[in-house]
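J.: Spelled out from the first residue to the last, the chains are:
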Amino acid sequence: MSQQEQAVDIEKVDKYTGDGFVAPEYNNTTVTQKISNIVLRSDTPWGWFLAVAVLLPIVGMLGISITWLVLIGTGIWGLNVPVGWGFAIINFVWWIGIGHAGTLISAILHLMRQDWRNSINRFAEAMTIFAVMCAGMFPLLHVGRPWLAYWLLPLPNTMSLWPQWRSPLVWDVFAVSTYFTVSLIFWYMGMIPDLGTLRDRAKHPIVARIYGIFAMGWRGASSHWARYEKAYLILAGLSTPLVLSVHSIVSLDFAVSLIPGWHTTVFPPYFVAGAIYAGFAMVLTLTIPVRHWFGLQGLITTRHLENMGKVTLATGFIVVYGYAMEAFISWYSASPYEGFMMWNRMTGQYAPVYWALIFCNAVSIQILWWKRARRSPLVLFIVSLIVGVGMWLERFVIVVTSLANDYMPSSWDYYAGTIWDWSLYIGTIGFFLFMMCLFIRFLPMIPMSEMKMIIPKHRNKKDA
Amino acid sequence: MNHGPAQPELRGLVAEFENEEAIVEATQKTVDAGYHHIETYTPYPLDELLDIQHLHKNKVALVILIGGLTGCAVGFFMQWFASVIHYPINVGGRPLNSWPAFIPVMFECTVLFASFAALIGMMVMNKLPRPNHPLFDIERFRYATQDRFFLCIEAEDPYFEKDATRQFLEELNPHEVNEVEA
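As you go down the protein sequences, you meet chains L and H in turn. The first sequence begins at 1 in the working numbering and counts up by one. The second sequence begins at 1 in the working numbering and counts up by one.
Bound conformation, chain L alone:
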């Protein structure tokens, strides 16, 4: 019996800079080998251990920050009387926004038959799940008594109390928990065929057994594929309005209130665009080093990066339009409070933050007009980091400037995060990256079955 393993020319694939979405060396056999070997190899690269060693103390810091918060209370944060929504809400909106690109890539691009998304969707969906985990922590901790967080749910209780169904904050509980659950289902379902592949390729019987349990006995029967494809397509169709609803509801937390700068109708689309923008930037931030470390240039090609650069640029412009509209409406409304809010953002105590945000989100991305910049991993990586920071600053400006200087000057105050605010925030970043490390080590980060669907047929002929 012929040995089926054939060697991919690693050198060639690692240096692939061509215009395709899959390097020509890849066919059904080699793509399976390449992706599954990252998981099934017995020699874990030392760089992975290094990353885990760096990230674990940060995860520990997250644990300490949460413990101290639970022991002492939200007084350890920088919150004060006009500014009751500080880092917790900024970080919540930032994280959940990052998660949204995962759903966009896997669901919306799937519905639009953009097959190029097949090599980045698994990765982006994993990002969604871990980002939503981080996001979910903040409102729970922000309620002050996290051990009573179950009060948010409609559970029968001795006081016969129910949640306030007419409040966006309760809608948020449903939106975020549904979003997490549906993302998990979508991610898992997309992975079932690949888990089957890992089960069948694993050399160690225990490893094969573990993947086998999660693969649920998948054997690739055509009648199964037919139902699977239909279910997957409809899940994509369900996730698309879901992702829009989630961030719209998040924005309604702001827009339904009467605070100057929050009470605007542009918020839902503006927040959704910002979410996709931040999320695409995060996908770039993560995929660029990972494709470099694992030699995936032949699967996540320059053309993928270029496309992601284009989406970043386009969504960036929607966000810029949102900024322009905020400024225009604050003048056009002729409300002195709205007008002051905008003027205060640009020239007040937080002016440097506002202008830094404009630089990060509106100016820095202009370099992506150039094809050479979009095709350069280094430029894209730097831009994506800047955008990630910029989107955090945007949420800071929205949350803090409106609260710190609202209607009554006598109540104005200055807000800044304390060391505990920062340690919690950085802790979640560490947790997120730590989970990504576990994901790339133990699960196939690129969907093998979907990659095989976009590989040209002739490459699987013997004489090809």
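Derived by calculation from the structure, the hints in this document are not laboratory data. Computed from a prediction, not measured in an experiment: that's the story for all the values here. Built from N, CA and C at the ideal position, the CB exists for glycine as well. Since no wrong hints were added, every one of them can be taken at face value.
Which residues of chain H face chain L? A few of them, derived with a C-beta cut under 7 Å, are: (1) 39; (2) 125; (3) 130.
Position chain H relative to chain L; hints supplied.
T.: Just chain H now, with coordinates in the frame of chain L:
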């Protein structure tokens, strides 16, 4: 068929093919030869096979629709019951059944229930999870999730006859033909 007492019962014959074109051609010929109880196993979905095996119609969409409608109804009932029946609060004379404000939660419940229906419905209709299967006893079947394509003619097919069917499969130019034991 004449089964000897010591022989294990035969579930079918499975042939392995090396690429997409080969399996599609072989499946077409098998169907043309009159076999109906067949199944193909591929590392990724092949539309041509779904055409040949008439697999495009299934009830997944219906199950998901039922799941979604259930979720929508549950979402509405939960809010309506709490606001109108169980704990009505008069806020400035506003209606208790303020259904427009219930829409977001109803929508989320719709998507949540529909998604569970999609996963569970797909699994149940595919008779999964089924961690083991007679096909897994075939050494080379593990390539079905990697880069090889398998065609199985099941013993329950009226045209199935062990030797004749095996010969038929051999003529399709497969990589290998194996027996599947029940």
